[in-house]
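Q: Please put together the full structure from these sequences, using the hints given.
Top to bottom, those sequences are chains A and B.
For the first sequence, the numbering used here begins at 6 and goes up steadily by one.
For the second sequence, the numbering used here begins at 228 and goes up steadily by one.
Simulated from the structure, these hints should not be mistaken for lab results.
Careful, some of the hints might be misleading.
Lysine-lysine pairs mimicking DSS-like chemistry, simulated, CA-CA at most 27 Å apart [to be verified]:
id: 1; chain 1: A; residue 1: Lys43; chain 2: A; residue 2: Lys107
id: 2; chain 1: A; residue 1: Lys107; chain 2: B; residue 2: Lys284
id: 3; chain 1: A; residue 1: Lys75; chain 2: A; residue 2: Lys107
id: 4; chain 1: B; residue 1: Lys284; chain 2: A; residue 2: Lys8
id: 5; chain 1: B; residue 1: Lys284; chain 2: B; residue 2: Lys241
id: 6; chain 1: A; residue 1: Lys107; chain 2: B; residue 2: Lys241
id: 7; chain 1: A; residue 1: Lys107; chain 2: B; residue 2: Lys297
id: 8; chain 1: A; residue 1: Lys107; chain 2: A; residue 2: Lys21
id: 9; chain 1: B; residue 1: Lys284; chain 2: A; residue 2: Lys43
Here is how the chains run, residue by residue.
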Amino acid sequence: AQKVTQAQTEISVVEKEDVTLDCVYETRDTTYYLFWYKQPPSGELVFLIRRNSFDEQNEISGRYSWNFQKSTSSFNFTITASQVVDSAVYFCALKRGGSNYKLTFGKGTLLTVNP
Amino acid sequence: DGGITQSPKYLFRKEGQNVTLSCEQNLNHDAMYWYRQDPGQGLRLIYYSQIVNDFQKGDIAEGYSVSREKKESFPLTVTSAQKNPTAFYLCASSTDRVGDTQYFGPGTRLTVL
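A: As structure tokens, this is what we get:
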């Protein structure tokens with residue numbers, strides 16, 4: 006069975022602070038894919054990043070960075086110098102290799118960035 | 228602009244009525260999905276379709292039905308058999324390549340009175 010755990014239900018920071026959102030996953034597959042999505046108050050899920058299990062390189066995109074560590078089954082997301090527009094619910098998700106249907110989502114982390 | 232549209236954005240229905248949620252995509256994606264989101268919860272898969280005229284149940288299909296007569300359309304019917312239909316419904320699509328990203332529509336918020 007697959008599982009994604011986002012232990013932080015809510016995080017509140019002040020603008021310009023750095024913040025890390027944790028994601029721990031469980032799978033028995035050797036091939037799998039990890040995703041992060043952002044859900045702003047409007048409700049639409051916005052795709053942020055996709056990582057396959059064979060690529061452990063960390064990635065940076067502007068103020069966003071992701072740390073993938075297979076040894077600890079974690080795929081953490083860091084926002085540097087947070088802004089009010091970063092306020093949203095962030096979801097981590099896992100998809101098995103070899104199939105193209107189910108995304109297993111964590112319960113999400115509500116990030117509030119205060120001015 | 229390519230994307231996924233869902234209509235309506237808000238929907239109110241009386242208990243016992245069936246209701247159909249629309250999902251259309253112009254991304255030329257083969258696969259389409261329906262998810263349900265409840266407050267404070269992640270998304271759960273209701274149905275998915277990998278090709279026209281074929282669809283499969285997800286984790287919580289009871290009380291729902293779908294059709295896939297056209298590649299670009301995947302409507303979801305919430306039937307009166309669904310015991311707790313009030314939720315936020317999200318449609319997604321992807322290519323049929325293994326591990327490819329699912330892209331989501333704006334969602335429909337259904338409230339059953």
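Q: Hints first: check each against the structure and report whether it holds.
A: Comparing the hints with the structure gives:
{"no.": "1", "hint": "A:Lys43 - A:Lys107", "verdict": "18 Å, holds"}
{"no.": "2", "hint": "A:Lys107 - B:Lys284", "verdict": "11 Å, holds"}
{"no.": "3", "hint": "A:Lys75 - A:Lys107", "verdict": "21 Å, holds"}
{"no.": "4", "hint": "B:Lys284 - A:Lys8", "verdict": "19 Å, holds"}
{"no.": "5", "hint": "B:Lys284 - B:Lys241", "verdict": "26 Å, holds"}
{"no.": "6", "hint": "A:Lys107 - B:Lys241", "verdict": "31 Å, violated"}
{"no.": "7", "hint": "A:Lys107 - B:Lys297", "verdict": "21 Å, holds"}
{"no.": "8", "hint": "A:Lys107 - A:Lys21", "verdict": "36 Å, violated"}
{"no.": "9", "hint": "B:Lys284 - A:Lys43", "verdict": "26 Å, holds"}
Violated hints for the displayed structure, listed by number in ascending order: 6, 8.
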